[in-house]
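So you can see what is in the structure, the chains are spelled out below.
There are 2 protein chains.
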Amino acid sequence: MSERNKELEQDFNPELDLKLERIIDLPREWIYEAWTTPASIKEWFCPKPWGVSHCEVDLKPGGLFRAVMLSPEGEEIPNMGCYLEIVPNERIIWTDALLPGYRPAPEPVSGANLYFTGMILLSETQEGTKYLAISKHRNKEDCKKHEEMGFHQGWGIVLDQLIEYVRSIKK
Amino acid sequence: MSERNKELEQDFNPELDLKLERIIDLPREWIYEAWTTPASIKEWFCPKPWGVSHCEVDLKPGGLFRAVMLSPEGEEIPNMGCYLEIVPNERIIWTDALLPGYRPAPEPVSGANLYFTGMILLSETQEGTKYLAISKHRNKEDCKKHEEMGFHQGWGIVLDQLIEYVRSIKK
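If you're matching them up, the sequences are chains A and B in order.
Take 1 as the starting number for the first sequence in this note's numbering and just add one per residue.
Take 1 as the starting number for the second sequence in this note's numbering and just add one per residue.
No lab work stands behind these hints, which were simulated from the structure alone.
Among the hints, erroneous ones may be present.
Identical copies go unnamed one by one, so any copy, or any two together, can satisfy a pair.
Unchecked claim - With a straight-line cut-off of 35 angstroms between C-alpha atoms, the simulated DSBU-like cross-links for lysine-lysine are:
#1 Lys140 to Lys48
#2 Lys145 to Lys60
#3 Lys140 to Lys170
#4 Lys144 to Lys170
#5 Lys60 to Lys130
#6 Lys145 to Lys171
#7 Lys140 to Lys171
#8 Lys145 to Lys48
#9 Lys171 to Lys144
#10 Lys19 to Lys144
#11 Lys60 to Lys6
#12 Lys42 to Lys145
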């Protein structure tokens, strides 16, 4: 694991942060690609039968991440963040506390409807790729709210969808 | 000027952002050093007779920037941010909308007492170093408040102090 990933993992605070960790039998490169390619994100980012109507990725610190969520009834939920750290095949960090270009966000524009910073940390292990997703919050209340909204189930379902999608296109 | 500095300069929004621009007869390297070295920051960061009682710099994206302000009466005002982009001799970007480690800040911990992202962009010109300082805000109200607090005067005074300090140690 890279030193930086280790550092970020050790910075986890159980009172303020949530995480989902899994060993996945897919190369890091494919998971990173699925997380950074709009056409892929549209396939797995929302728990079905929800979908993504529109996705934009400007993959650099300060760049836009947008994945508009689409309900089965056709309602759109805006969802937007700003990338902070991008290291291919290792790490994706973004936040909805900033707009693209690093402007402080007047309000969170995300499905979670709260300020959070998301991290996807990928590392190689003997068993497969370690996938560690972390959500960092500004206080215990936001952390609890995100957990009660179904963080673990939701992020787990979309990870299942990501894996299924990647297997379907890489087979 | 680097493409990235140009892009950030063009992203300036007069309704939401403030800026201070000056041509300085000092090499970019010395200005960058003054902005990133705690011992230097303590000398110029606050308009005198205010000072800095404590300064910490963890110069990397996600790292801590702290410069506790000290009033002539000995009162301390906490001031803390998170670095976002660091390119030696070219660019320093930080925000108080995030804490170190990218956690969304529960409240702004800064002298300005509002969320902002600060940018120091340095470029070489034939006349000298172009120093462009930008403050980005979440809305017009915060921008106006920051301006009325004396942004232009304050950031101008500390730039004068920075120049004077650098000249004194480099002569």
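How the hints compare with the structure:
no.: 1; hint: Lys140 to Lys48; in the structure: within (29 angstroms within a copy, 39 angstroms between copies)
no.: 2; hint: Lys145 to Lys60; in the structure: both (29 angstroms within a copy, 31 angstroms between copies)
no.: 3; hint: Lys140 to Lys170; in the structure: neither (40 angstroms within a copy, 48 angstroms between copies)
no.: 4; hint: Lys144 to Lys170; in the structure: neither (37 angstroms within a copy, 53 angstroms between copies)
no.: 5; hint: Lys60 to Lys130; in the structure: both (23 angstroms within a copy, 25 angstroms between copies)
no.: 6; hint: Lys145 to Lys171; in the structure: neither (39 angstroms within a copy, 57 angstroms between copies)
no.: 7; hint: Lys140 to Lys171; in the structure: neither (43 angstroms within a copy, 52 angstroms between copies)
no.: 8; hint: Lys145 to Lys48; in the structure: within (22 angstroms within a copy, 45 angstroms between copies)
no.: 9; hint: Lys171 to Lys144; in the structure: neither (39 angstroms within a copy, 56 angstroms between copies)
no.: 10; hint: Lys19 to Lys144; in the structure: within (13 angstroms within a copy, 39 angstroms between copies)
no.: 11; hint: Lys60 to Lys6; in the structure: both (22 angstroms within a copy, 16 angstroms between copies)
no.: 12; hint: Lys42 to Lys145; in the structure: within (26 angstroms within a copy, 41 angstroms between copies)
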